[in-house]
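Build out the structure end to end from the sequences listed, making use of the hints.
Protein chains: 2
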Amino acid sequence: MRVIKYPARETWASLLTRPSFDSTSLFETVQKILDDVRFNGDKAVKNYAKLFDKVSIDDLEVTKEEMLEAEKLVTINLKQAIEMARRNIWKFHSEQQQELPEIQTSPGVYCWQKAIAIEKVGLYVPGGTAPLFSTVLMLGIPAQIAECKEVILCTPPNNEGKIHPVVLYAAKVAGIHRIFKIGGTQAIAAMAYGTESVPKVYKIFGPGNQYVTAAKQLVSLRDVAIDMPAGPSEVEVIADDSANPVFVAADLLSQAEHGVDSQSILITVSENLVEPVLEQIELQLIQLPRKDLARKALENSKIIVLKTLEEAVAMTNEYAPEHLIISTRYFMGVAANIVNAGSVFLGNYTPESAGDYASGTNHTLPTNGHAKAYSGVNLDSFVRKVTFQQITQEGLTNLSNAIILMAENEELMAHSNAVKVRLQEEKEVEERLSSHRR
Amino acid sequence: MRVIKYPARETWASLLTRPSFDSTSLFETVQKILDDVRFNGDKAVKNYAKLFDKVSIDDLEVTKEEMLEAEKLVTINLKQAIEMARRNIWKFHSEQQQELPEIQTSPGVYCWQKAIAIEKVGLYVPGGTAPLFSTVLMLGIPAQIAECKEVILCTPPNNEGKIHPVVLYAAKVAGIHRIFKIGGTQAIAAMAYGTESVPKVYKIFGPGNQYVTAAKQLVSLRDVAIDMPAGPSEVEVIADDSANPVFVAADLLSQAEHGVDSQSILITVSENLVEPVLEQIELQLIQLPRKDLARKALENSKIIVLKTLEEAVAMTNEYAPEHLIISTRYFMGVAANIVNAGSVFLGNYTPESAGDYASGTNHTLPTNGHAKAYSGVNLDSFVRKVTFQQITQEGLTNLSNAIILMAENEELMAHSNAVKVRLQEEKEVEERLSSHRR
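These protein sequences, in sequence, are chains A and B.
Here the first sequence stands for residues -18 to 419, numbered as in this note's numbering.
Here the second sequence stands for residues -18 to 419, numbered as in this note's numbering.
Just so you know, not all the hints are guaranteed correct.
Repeated chains share a single entry, so a pair holds when one copy, or any two copies, can fit it.
Stated by the list, open to error - No more than 27 Å apart at the CA atoms, straight line, and that leaves these computed lysine-lysine pairs for BS3-like:
(1) Lys366 x Lys95
(2) Lys408 x Lys13
(3) Lys72 x Lys401
(4) Lys181 x Lys24
(5) Lys366 x Lys72
(6) Lys408 x Lys31
(7) Lys13 x Lys95
(8) Lys60 x Lys13
(9) Lys272 x Lys53
None of these hints come from the bench; they were simulated from the model.
Structure representation (structure tokens):
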């Protein structure tokens, strides 16, 4: 890790530059696969499974028998761990359901907002050596709380055509309706356009490699919504002399083990912390199975020493980390000034791994500085806020002058007319009534 | 307007096809302008103003003097109308601020979500013959409620280098901080990348022509968030025999006058409504200044007669209109079953123009079927939901088994280690304490 002491303010921007990750160079390749699946459906999907995953799949959908078999293969201990995670994720996300009251904005003008679940959502979970079943929970449980009608999951099979049993078990726990053995670009295409086997969805969620990211970007231009732009994972730790170097090193490493392009940043206002953290990293690193990968990621990583916590906060808000751990004596005061971060972990006993798995918060978060404009996945990601309004005759009369004047100043006479014909009718009814009375 | 009576279910999809709107064909042209502004800043912006807007601009930013001058030019009546709209928009959007409680998901595990304003947002309002000051209010007021720190507006100047006074006045009313005389692709580029005059923003909002839309799509791939994908405006009316053909015709026309690619659809369960609506359209159309444009839009428009309201609701949910007017006797029952729409207007006295200007709801809404996955602009569009968590030593001990087991099953040993080092330390402290006691 590079150590940078007391950098000048004008060097911050270049210090905080992330390893570049630009999937636009893949667009041409990816677009061809998207088009192929769009027009050739399952046949194309199966061809790519042969080509990329070296596996021949007859039935793309996971069967009930496979689900039952998977459930038997998961240990009771792991099931209990998943249940604890599920319960906490459910608790935290179900609190995000908020009924907004109907408002009378003017007399007779009633407006309200209703949260309505997106009917069809597609979740993508990458394959690889390790089964990322925690992501199945993080995406599936909020979809279940939102009551999305159709929740499907695509994930690549291994070279025997099977999906890891823990992934299937987690999908069951999260209430996912249908699971398909499809990976990569072809999975995104299948969910965006639909095939004979896979239903078309309205929004696609989940992480993936550069091909998956490029595919999500391309389909989001016209055809389907996506959760957020993706990039390599990252953590930042803000520390003072109350931080424990053993814990700080462990947290930096737990980010570094994700991949060579992961980034770990320590911003400390205590110069004394630097050496012990570096020592601890070496000590802990050699014991990790993924040590080679983590060591490479650490090459992108930095320890930055600053004078004050005010500077640390300013630098953090400029960086906008996906994960932020605040290991300082008065962490609540520091947290109050954080405006740009995906998820924030406070104090010495709140490691990022708690939020990654079991505390209840979501782990699908904006990377690459996108925390400046995007939220992490939350219940709102699975609903739309639809507005409704009902206006009485009297209410429309109250608003009419404003609407007519504004519409006519925008030179939209038919907009004005839609109000005038209604006022006119009211007047006519009144005249009829009064002539009747005479 | 084409009239289609009792179409078979399998023809619905083709009936509901929208006029195609694909900005990807413009990507190459637009990308060149984006890059030019990115690397050459104000100079490039000013060149494009000369080229496209036929105007030479020295100072891109609107001055205080121009603001004062504009305020004098707006009539008191229009100011009062704008004030009524402002107040209602403010009321409706400020109710969307919701404090979520801190939750204890497990003993000692405290999680909460905080809504934090996006610091820098950029609003785009197109030029053209009519000043779209209502859009300034619809985008500016929620940004003001959210307390975004920097809210800027770009809008093209006329060929005298001036911006319409009502647009400037509305910007003042909506609390917009800085206004720039920049239009089209160059405006989107200036806000996405920043120039000498224009600050870079984190999210761009607002409507525009196909070039602006393409520019927003391209910058959103990597550099900045956008409100939503844009397309031509559209309205759908669901009617039964309680609907007033005069009102229905006026509502269909108020959509049609927006542009030749606008779409108006009437779904009626009363065949008797068709002739009177067609007659009324002809009667009202000839009085409109924009009649030629509206007549062209009506060529894309349809009257569809269905047997039941259940079918009407099913067809509506398939179409997912930007605006939906429900003119039926029991409109609340119909509304309860609507899942895909941007904004819904209920009853005979709730024209779309009320929501376009003054009732308080937002008029920046998902078009082109995007209502299936996107919300219209609302307060949430200007904030991020950031999660925070604080875990006590006891709390982490409670979660530890779950985290360690899940992390190790995902083969992420450093994630597990971040918990283990903390438990270890706790044990050591306890041992030290107990040896001390001995």
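Outcome of the hint check:
1. When the C-alpha separation of Lys366 and Lys95 is checked against a cutoff of 27 Å, the pair qualifies both within a copy, at 5 Å, and between copies, at 19 Å.
2. Proximity of Lys408 and Lys13 under a CA criterion of 27 Å is satisfied in neither setting, with 62 Å inside one chain copy and 57 Å between copies.
3. Taking the shortest Cα distances, Lys72 and Lys401 sit within 27 Å of each other only across copies (25 Å), while inside one copy they are farther apart (51 Å).
4. In this assembly of identical chains, Lys181 and Lys24 lie within 27 Å of each other by CA distance solely inside one copy; the values are 16 Å within and 46 Å between copies.
5. Proximity of Lys366 to Lys72 under the C-alpha cut-off of 27 Å is found in both arrangements, the shortest distances being 22 Å within a copy and 17 Å between copies.
6. Proximity of Lys408 to Lys31 under the C-alpha cut-off of 27 Å is found in neither arrangement, the shortest distances being 73 Å within a copy and 52 Å between copies.
7. For a Cα distance limit of 27 Å, the shortest separation of Lys13 from Lys95 qualifies neither inside one copy, at 39 Å, nor across copies, at 41 Å.
8. Taking the shortest alpha-carbon separations for Lys60 and Lys13, neither the intra-copy value of 41 Å nor the inter-copy value of 54 Å comes in at or below 27 Å.
9. Neither within a single protomer nor between protomers do Lys272 and Lys53 lie at most 27 Å apart by alpha-carbon distance, with minima of 33 Å and 69 Å respectively.
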